[in-house]
Every structure is written in structure tokens, then in C-alpha cells.
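If you read the sequences in order, they're chains A, B, C, D, E, F, G and H.
So in the numbering used here, spot 12 of the first sequence is number 12, and the numbers just go up one at a time.
So in the numbering used here, spot 4 of the second sequence is number 4, and the numbers just go up one at a time.
So in the numbering used here, spot 4 of the third sequence is number 4, and the numbers just go up one at a time.
So in the numbering used here, spot 123 of the fourth sequence is number 123, and the numbers just go up one at a time.
So in the numbering used here, spot 49 of the fifth sequence is number 49, and the numbers just go up one at a time.
So in the numbering used here, spot 120 of the sixth sequence is number 120, and the numbers just go up one at a time.
So in the numbering used here, spot 122 of the seventh sequence is number 122, and the numbers just go up one at a time.
So in the numbering used here, spot 36 of the eighth sequence is number 36, and the numbers just go up one at a time.
Treat the hints as calculated values from the structure; they're not laboratory data.
By construction, the Cβ of each residue, glycine as well, lies at the ideal position given by its N, Cα and C atoms.
Please note that the accuracy of each hint is not assured.
[Said to hold, decoys possible] Heads up, simulated DSBU-like pairs for lysine-lysine below, C-alpha to C-alpha not over 35 Å straight-line: (1) E:Lys3 / F:Lys139; (2) H:Lys146 / G:Lys89; (3) A:Lys139 / A:Lys155; (4) D:Lys155 / C:Lys48; (5) D:Lys146 / A:Lys155; (6) H:Lys23 / H:Lys135; (7) F:Lys140 / E:Lys140; (8) A:Lys89 / H:Lys23; (9) D:Lys146 / D:Lys3; (10) D:Lys158 / D:Lys146; (11) A:Lys23 / B:Lys140; (12) F:Lys158 / D:Lys140; (13) E:Lys48 / E:Lys158; (14) G:Lys146 / F:Lys3; (15) B:Lys155 / B:Lys140; (16) B:Lys89 / F:Lys55; (17) E:Lys140 / F:Lys154; (18) B:Lys89 / D:Lys55; (19) A:Lys146 / C:Lys23; (20) E:Lys158 / E:Lys140; (21) F:Lys154 / F:Lys140; (22) D:Lys139 / D:Lys55; (23) C:Lys55 / C:Lys135; (24) A:Lys146 / A:Lys158.
[Stated by the list, open to error] If we take Cβ atoms under 8 Å as the criterion, some of the chain F residues that face chain D in the derived model are: (25) Glu94; (26) Gly95; (27) Leu159.
There are 8 protein chains.
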Amino acid sequence: MEKKILIISASDSDLEVMGGAAKVLEEFGVGYEITISSAHRSPNRTVKLIDQFHKNGGKVIICGAGLAAHLAGVVAAHFPLPVIGVPLKAGALEGIDALLSSMQMPPGVPVATVAINGARNSGLLAIQILATSDKALEKKMVEYKKGLAEGVEKKSEKLESSR
Amino acid sequence: MEKKILIISASDSDLEVMGGAAKVLEEFGVGYEITISSAHRSPNRTVKLIDQFHKNGGKVIICGAGLAAHLAGVVAAHFPLPVIGVPLKAGALEGIDALLSSMQMPPGVPVATVAINGARNSGLLAIQILATSDKALEKKMVEYKKGLAEGVEKKSEKLESSR
Amino acid sequence: MEKKILIISASDSDLEVMGGAAKVLEEFGVGYEITISSAHRSPNRTVKLIDQFHKNGGKVIICGAGLAAHLAGVVAAHFPLPVIGVPLKAGALEGIDALLSSMQMPPGVPVATVAINGARNSGLLAIQILATSDKALEKKMVEYKKGLAEGVEKKSEKLESSR
Amino acid sequence: MEKKILIISASDSDLEVMGGAAKVLEEFGVGYEITISSAHRSPNRTVKLIDQFHKNGGKVIICGAGLAAHLAGVVAAHFPLPVIGVPLKAGALEGIDALLSSMQMPPGVPVATVAINGARNSGLLAIQILATSDKALEKKMVEYKKGLAEGVEKKSEKLESSR
Amino acid sequence: MEKKILIISASDSDLEVMGGAAKVLEEFGVGYEITISSAHRSPNRTVKLIDQFHKNGGKVIICGAGLAAHLAGVVAAHFPLPVIGVPLKAGALEGIDALLSSMQMPPGVPVATVAINGARNSGLLAIQILATSDKALEKKMVEYKKGLAEGVEKKSEKLESSR
Amino acid sequence: MEKKILIISASDSDLEVMGGAAKVLEEFGVGYEITISSAHRSPNRTVKLIDQFHKNGGKVIICGAGLAAHLAGVVAAHFPLPVIGVPLKAGALEGIDALLSSMQMPPGVPVATVAINGARNSGLLAIQILATSDKALEKKMVEYKKGLAEGVEKKSEKLESSR
Amino acid sequence: MEKKILIISASDSDLEVMGGAAKVLEEFGVGYEITISSAHRSPNRTVKLIDQFHKNGGKVIICGAGLAAHLAGVVAAHFPLPVIGVPLKAGALEGIDALLSSMQMPPGVPVATVAINGARNSGLLAIQILATSDKALEKKMVEYKKGLAEGVEKKSEKLESSR
Amino acid sequence: MEKKILIISASDSDLEVMGGAAKVLEEFGVGYEITISSAHRSPNRTVKLIDQFHKNGGKVIICGAGLAAHLAGVVAAHFPLPVIGVPLKAGALEGIDALLSSMQMPPGVPVATVAINGARNSGLLAIQILATSDKALEKKMVEYKKGLAEGVEKKSEKLESSR
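Extracted from the complex, chain A is given alone in its bound form (with noise of 0.2 Å):
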């Protein structure tokens, strides 16, 4: 399978919340690399990741750091195509810091931020975005969304019945 999309994590301690973005990418059957790299501990190895990918055809590069959450905007400084930032709650202040070092990027290079912690939908929008040309891809999205109305349904009446 093809590897549109590349995952890269901060720290290995950043993993287990980023293996959302991997869980979602599974289900709706769309290839992806994982792997570890910082802007500040291993610079060298960040470029290199994303000329390598770049050279295979990626498309899309998933960040997910916290604190000083440089990575994502260190990407987008490289990659030419889209950068989604994923800002992980760490440290004091909780992923604050993150967010605002994720998103607040200067004009020319865009980092699409989602929420903290967002690592599912960070994949959901990285789908969205293969989808954009992927007619089977969109189809599938669009069922994935009437199965979250049909979800919210199911509790619903759920909710009721026990009353």
C-alpha cells in the first residue's frame, strides 16, 4: 500500500496518544509511516525524513509535539504540500503552549492545527484531504459521517428507553 501519509511524533512518550491518528488512517484503509523525530534534538533527521517522503510521493505530514511545539512549523518550513499540527497536552501549562506554537505561524507557511490532543482528527483530516481527489476515499467519509448522526441516535434512544 501506497504511504500517502507520514506520522511524525516528537518523543516516543508522544506515541500513544499520536497512535490516533494511525487507528484512524487503518480504518479507513489509507497507508501511513510512523515514526519519531524532534526539531531540536534531531534536526538533521526531521529534513531528512520529509525530503525522503517527499521524494516518495507523500502527500500529507501529521506533527504531534508539545510544550515549545516547533516541529510541525519546522515541517511546513520543508514540505510543500499540507502540514497538520496535532498540539499534545505536556508540561504545566497543558498544551497552551502548543497550540499557540502550532497554529500562530507567520504568513507563507500554514500549519493546519486541530485540537489538542486531536490526534484522531488530525487523521480524519489528512483522509479528507486525499479525498479531495479520491472519489472512493469521499464516499467512505461520507458514510463515516452519517455513522456518527446514526451513533448519536443510537444513544439517544438508548437514553430514552431507560427512563
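Add chains B, C, D, E, F, G and H to chain A, keeping to what the hints say.
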């Protein structure tokens, strides 16, 4: 020109900032529509716009809103492809409310959020999304990024020669 | 019993907190419905619920939601009578996101926002609203407030006698 | 005209903003009183105003205050019917202090809080409250909401024709 | 012993923290009363307590409250001598709401605010206030401060000897 | 006139705001000194000022500082009687830094903190402290508070007559 | 003169503020270079600058950046000697984003962060760092600190003589 | 071994976190002293410690403090060489108060601030400062940075082999 991008401004007072998204789409030669619709004042119109745009083959929706910025979230509830949220600086809190309203979406319904007033970056992100299946556009984006770096070099040279 | 109040919980995980609204309505003998619906996962169901409740003569809707809490705003876009928003403590930001998403509504579409996790107060506010045209209910509210003051006196006496 | 709404402005410098509440009440033809009283500088006057208004059959009190905005909370301590708080932008913190002071009320004593400087919305909310027992007023509110949607359509048409 | 200090706790759940104020007053041998009263649930009782305490020659009131902590402000509206506010950590915002509600008082009505949960410091400040006219108490405070410095020295010595 | 109050302004640029403290002391006929000293730029001078003021029988020190406002804390480390902190609006954070630096003192060393730029209230609090042992001053404060209430009444009358 | 300090400004619009660092280096007679480079727009240039500066025997790098200020972190990833970050006031959040992005670095890669817009202090800190091995520079710094204290004394005298 | 670094912990409860600074200094073989002293409880001891350390040829002081963390600022007022501040997570605000108190120093007196609880980074920064004049130490730092990158590579390999 096919209109793959829809820009929705939550009010006419936000048009000036959101024009930054339109401008960059024009620079890259990407077709777009721009309109005004509010999640709160014209909810039915908003849903109709989304459905029509989807039927016409539209690919990405950019939403600009301030205060309790629900527009991107409401659009994302209905649209299966990428939705980009631009939190706008407005009111006493100057955008921190719009930022959180746009970004902190629950699992299942992502909004790709850019910086406060980051209209230009919302346009660039939309282009990057289309570029995942459009080599010519990807090439333009690579050129654009080179231009950013050259712009920095030129300003540095000017600084050095002025000293 | 006529159901003048509708409580909508954005997810089943919020039901425990939102039960505080139901409890106070029961204490005052006010009829209510409680259901689950999401602005993002089940947007059509949400609109149908509002329309049905309005046709049935419903008077006040209480919405509980966390994170980017759009539910109350979306409901207020469709419902011409009072909408009360309860921002719920959830996620890394623990409710400050829901607070701002609920409260910072644009001119034209108010949401009556109570404290984070203030489900009990949302029920009391709904009762106060009905009490503007229901003398018996107003009298109960006057009694309730006396009870609050007496509760403080009793606790003070207990404190003094324990010293 | 019966005066069902009382607007209390915490100081004369807040009258300009709070006039937005008065204006919308006049648009809807709802009788109101407007006065100045402070929880801190004129506490006894504030209590007397509330008691008098309650005896006269008043239904809703709107309070506008900035900084440590205690006015709505103090009024809610004495008044059994709905109290609406408008946190005002003032001082170095520009309203975030007033927002939290108005909204974070303890269980038992709700304040219906609207946006910072949301005076217009406080008036609309008061009208919605009266409309729960006044079909003519409810109908006006339904018309008002239609007008909001039409306003958006007109502005969109103007935008489109200008392009 | 004359009771020059009145400690008011806004609820019985706050007594444990506010006991820190009582404890330090006992250490310094300063007479005090402690009671429970709420600005919102027992407003009339609160005013009576203040008036009675003032008539009895009381000098300083310490108020502990969480959330929209109006107690100190309401007390300061009625009492002409120093009022000390202790913002308490409570609810989702963990005291930042109480901090701003206590401290951001408008010109004319000060509240001497100490740290969140700073009950011990509120007692020390009350003693410092009484010490402005009580040489024996001032001397005790000078000794207390020496003791603080000696405590640091002892802990340093212990650290050094342990290395 | 005995100088019982010392006002220290952390820099000359803060004198304009801190003049509000001096003004209210003059209105009440309370003797004071005002000077400039910094915890960071003139630490030795600051300690000498405190010691001299204490020897001369000074009773209360008011400190005004912005940014990392350490002045009040440093003064409180050396002075056994009340220290009042006025956090000043300055720099990019507009006083929230000074507020937290002044107020969040550790157990053992309180600072009586007033609102951001609350120089007038710092003066009133100093007067209230002196009034705990000065019946004439207490009487003036009672009159002052009556004046505040009358001021509100006059403004209300003016508002009513203008309508 | 050997250029031991490198000042990097993330954009030409930041040069005015960052000039404050250059100015203090000139006052102390310390050689420096100043240039423009962006972590996001010119990432390769940034790395080259660092490597060249390191090879030339450079000792300290000062980075000024606003918004998602990744520059100092990116530089610190590559440079083994001290990196000073100056968060700049810019955009809707006025520097709180840059502050957190600069300061909340993960373990292993420190950035020495100074105040928002604290360019002058970044220069002084660079001088203090060089002064750890340069007695003449240390002596100048001791003199500078004396001058700060004398400046306070002069302003105080002026204040006293003006009263 | 010459003791070029002084670590001051504001209280014994902060020693566990601040031990992270000591640990990294030991890893690099850099001599240091560690002690407890408070800007507020033992101000004279703090000044004596600084003067003695300076006379003994000390080069860098690391200060760890929570709440209104004045320690680093007070030390910087007296010491002409680099002062590093470590804001500690403590109390209701969990370090944001200490962060602002440490970092927002006025022009003239810098504090090199690292992340909340960033004790390890404070030690690394101190080593980088000494390394500006110690080639052996610089070499160790270059090796350390290589080790960080290799650590990332190893964790990545482990991740890949586990899949």
C-alpha cells in the same frame, strides 16, 4: 475556471481580512467563490451553500469568523472534505475566543485552523490541499517557497549594505 | 405534564453533569425532556429537535457542551425563545474553550451562559424564566432562595457550636 | 407602558454601551426603566431598586458592569426572576475580569451572562424571556430572526454584484 | 479577648482552607470570630454580620470565597475599615476567576487581595494592620520574620550536611 | 505632619499613575512621602528607604510597579507592617504579569494587592489601615463612603431628568 | 573587532525592536553581526548562518521573533553555545504566543528567554555571558549596574526637589 | 573542583525539581554549590550568598522559585554575571505566575528564563555559558547534542521494528 474553493465570511465586516485568502488564490490561479453567511444569523443559507458547493464538485471551504466563531464547525458538520477555519480578531478578546471556538473541535469533525487573521495562510493551505493531486500546483508552491527564502536573502543584503 | 424545557447534552459522556439541570427541574415540578444531540455529529437531528420542541410549545432549551461548544449557538440560531448554554469542563483546557464558545455570541443571537459545569444553575435559570409568567413558580423560587439563606445559617450555627 | 425590564448600569461611564439594551427594547416596543447603581458604591440603593421593581411587577433585570463586576451577582442574590449580566470592557484586562465575575456564579444563584459588551444581546434575551408568555412578542422575535437572515442575503448579493 | 478580626467563609466547604487564617491569628494571640456567610445565598445575613462586627469595634474582615468571589467586594461596600480577600481555588478555573473578582475592584472600594488560597497570609496581613497601632504585636511580627529567615538557614544547613 | 505612608514608584514613568495614591492621601489629610526606587536597579537604596521609614515610625508602604513587579514583595521581605502592591499596566501583557508578581506571594510574607493601576484604592486602603486606630479618620472614611453613594444617586437623577 | 554575538531578526519588520540589542552591544564595545533569517521562510539559510558563525568562533546567538516564534528553538537545535530568545509583540496575541514558543523548550535544548520585546536585556545577557571569561567586560557590567542605581537616585532627587 | 555555578532553591520543597540542574552539572563534570534561600523569607542571606559567590569567582547563578518567583530577579539585581531563572510549577496557577515573574524583567536587569520546571535545561544553559570560554566543555556539549539525535534514532528504530 472551475471553482474548487469556497470562502465564507461570517459578516461583511470580515471581508477585508478574508480578502487575503482570495488574493493568494488569484496569485496561484485557483478558481474560487466568496460569499457571506453566518452560522447564527443565516443558518439555513449556510447549509444550502455547502450542499450546492459540494454538488458542484467543490473541494475546500475556508471560513472566517470572529467571537464565538461557530461557522467553520457548522460547515464541517455538513461537508465531507477539508474545512479551514480562520479565527478573526474582533471584540474585547481580540481573537482568542474565535481561536478556541474554531480549533477545539470534538473527535470526528476536524477543522484545519490557521493563525488569528491568518487569511493568507488559509488560502495557501487550500492550495497545498489541491496540490496533493495537481503536480503543476505543487510545482508553483515549491517556487513560492523558494521565493520566500529569496525574499529573506534580499532583505538581509539590503540590511547589510545599509550598515 | 407539559414539557416546557428541553435539555440537550452534546454527548452521552456529558449526561452525568447535565443531570444536575434535570434534577432541579424535578425538584420544582417542571416538565422537561432530555436528549443527546451534537451540533457537529448530528446537525440535522439537532435542527429537527428544535423545530419539534417549538411546535409542541416548548419554552426554553438548555444546552450542555464542552470543547468548541457550538451547540447552544446553533440552537439559538434556530430557536426564537431563550437558549441557555452550560459550558462543560472537558479536554486540556478544562472548559475555558467551551465558556468562550458559548458566551461570545455575535449581536442578534444571544445565549444565556452560566458557569462552567453550572448545570444546576441552568435549571434554576430556566425556572426563573418560566416564573416570569407563573406566580406559583415564582413563589417556589422565593422559597428556594429563603432556603439557601437558612442553609447558610444552619451551617454557621453548626460551626459555632463545634468550637 | 408597563415596565417589565430594569436596566442597571454600574456607572454613568457605562451608559453608552448599555444604551444598546435600551435601544433594542424600544425597537420591540417593550417597556423598561434604566438607572445607575453600583454594588460597591451604592449597595443599599441597589437593594431598594430591586425590591421596588419586584413589587411593581418587574420581570427581568439587566446589569452592566466592568472590572470586578459584582452587580449582576448582587442583584441575583435578591431577585427571584431572571438576571442578565453584561460584562463590560474596561480597565487593563478589557473585560475578562468582568466576564468571569458575572458568569462563574455558585450553585443556587444563576446569572444569565452574555458576551463582553453584549448589551444588544442582553436586550434580545430579555425579550425572549418575556416572549415565553407573550405570543405577539414571540412572533416579533421570529420576524427579527428572519430579518437577520435576509440582511445576510442582501449583503451577499451586494458582494456578488460588486465583483 | 476582644475580637478585632472577623473571618467570613463563603461556604462550609471553604472552612478547611480558611482555617489557615484562624490558625495564624491564634499563634499571634489575636482574638477573632469565624463564621459562614455568602454574598449570594445569604446577602442579608452578610450585611448584618458586618454591621454588628463594626458596632462591636471590629477592625479587619477577612473574606474567603471561590468562583465569582463577590464576598469581599460586598463586604467592602459596607465596611469602612480594611477588608482582605482570599480568592479560593475551586471549580474548573481553579481560582483565577476568584482572583479577578476579588482584586479588580473599582476606584473607591478597595479589597486587599492575597494569593489564591493564601489564607495564612490573610491572617498575617490582618496582624500587620493591627500592629500599626500595637507595638507588642509589631514586635511579634519582627520576631516572626526573623523566624522565617532562621527556618531557611536551618533547612540549608540540613541540605549541606546531607550532601 | 507625621509621614505615616511611604509611596514607592518603581520608575519615574509610573509616577503619573501613582500620583492617584498621593492625591487621595491629601484629600484625607494623611501625611506621606513619595519617592522612586527599584527592586532591580537600586536594590540597596530600596532596603535603606524601608529601614529609615520604619525607624521614623512609618506605618504603611505602597509600592507601584509594572512587568515583573518585584518591588512590593522585596519591600514586604524587609518591612513588618502592611505593604500594599499596585500592579501597573505596562508592556505587552498590560499588567497581568505585574498582578501575578505582586499577589502570588508565598506563605509568610503577604502583599495587600489592589487592582491593576488601582493607585487610588491603594491610598484608600492605607487610610483604612490607619483608621483602625484613628476614630477621626474612620469617620472621614464613613463620610467618604456616603459620598460615593450620593454621587451615584446624583448621576441617576441626572440620567432620569434627561430622558 | 571579533564578532562574538550574532543577532538574527526573523523579519525586517522586527529590526527596529531588535536594534535595542545591537545598541547595548555597541555601548559596551562588543562586536556583533546582525542579519535577517526566518525558521520558516529561509530554513536552510538559517542553518548555514549558524554553522558559519560557529566556525568563525562566535559565542552567543540572539534571536528575535514574533507569533509562533520558532527561530530561537531552531537555532538552539543546531548551536552548542547559548541561544537567547526575544519574544516579540506582534499579531492579535501581542507576544504571549512568542513568549511560550520561545521559552517552553523540551529538556535537552534550552533557550534563554527574556521579556517580550526585551531586546536591550538580550544584549545585556549576551554581555554577561561573555563577561564570565572577560574581567574587563565584567567590570563594565558592574559599572553599568552602579549607573542604574545612580539613575534612580537622580530621578528621586528631581522628584523631591520638584515638590 | 572550582564551583562556578550556584543553584539557589527558594524552598526545600523545590529541591526535588532543582536537583535536575545539579544532576546535569555532575554529568558534565562542572563544579557547583546548591543551597536554599528565599527572596522573601531570607532576603539578607540571599544577598550575602551572592556576594560571597561572586568573590569566590562564581560565574552563573541558577534560581528556582514558584508563585511570585522574585528570587531570580532579586539575585540579578545584585549579581553582574548571568542569572538563570527556573519558574516552578506550584500553587493554583501551576507556574504561569512564576514564569511571568521570572521573565518579564525591566530593561537593565535580565534574567535568562527557561521552561516551567525546566531545571535540566537551566543546568545545560549554565554549561553552555561556561563553554563560551572552555573548548573542552563546548566539545562535550557538541557530543551531548549528537547523543540527543542518536537517542531519537534508536527510539525510531525500536518503533519500526515493533510494528
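Status of the hints after comparison with the structure:
1. E:Lys3 / F:Lys139: It holds: about 21 Å lies between the C-alpha atoms, which stays within 35 Å.
2. H:Lys146 / G:Lys89: Holds. Lys146 of chain H to Lys89 of chain G sits at ~34 Å (cutoff 35 Å).
3. A:Lys139 / A:Lys155: OK: Lys139 of chain A and Lys155 of chain A at ~25 Å, within 35 Å.
4. D:Lys155 / C:Lys48: 28 Å, holds
5. D:Lys146 / A:Lys155: 33 Å, holds
6. H:Lys23 / H:Lys135: OK: Lys23 of chain H and Lys135 of chain H at ~21 Å, within 35 Å.
7. F:Lys140 / E:Lys140: 30 Å, holds
8. A:Lys89 / H:Lys23: 26 Å, holds
9. D:Lys146 / D:Lys3: Between Lys146 of chain D and Lys3 of chain D the Cα gap is close to 27 Å, so the pair holds against 35 Å.
10. D:Lys158 / D:Lys146: It holds: about 18 Å lies between the C-alpha atoms, which stays within 35 Å.
11. A:Lys23 / B:Lys140: 33 Å, holds
12. F:Lys158 / D:Lys140: 33 Å, holds
13. E:Lys48 / E:Lys158: 51 Å, violated
14. G:Lys146 / F:Lys3: 30 Å, holds
15. B:Lys155 / B:Lys140: 22 Å, holds
16. B:Lys89 / F:Lys55: 54 Å, violated
17. E:Lys140 / F:Lys154: Roughly 48 Å between the alpha carbons, so the hint for Lys140 of chain E and Lys154 of chain F is violated.
18. B:Lys89 / D:Lys55: Violated, at roughly 44 Å.
19. A:Lys146 / C:Lys23: Given pair Lys146 of chain A, Lys23 of chain C holds - Cα atoms ~33 Å apart, limit 35 Å.
20. E:Lys158 / E:Lys140: This hinted pair holds, its Cα atoms lying about 26 Å apart.
21. F:Lys154 / F:Lys140: Holds - the C-alpha atoms of Lys140 of chain F and Lys154 of chain F are around 21 Å apart, at most 35 Å.
22. D:Lys139 / D:Lys55: 29 Å, holds
23. C:Lys55 / C:Lys135: 25 Å, holds
24. A:Lys146 / A:Lys158: Holds, at about 18 Å.
25. Glu94: Since the shortest Cβ distance to chain D is 5 Å, the answer is holds.
26. Gly95: 4 Å, holds
27. Leu159: 6 Å, holds
In the structure shown, a violation is registered for the earlier hints numbered 13, 16, 17 and 18, in ascending order.
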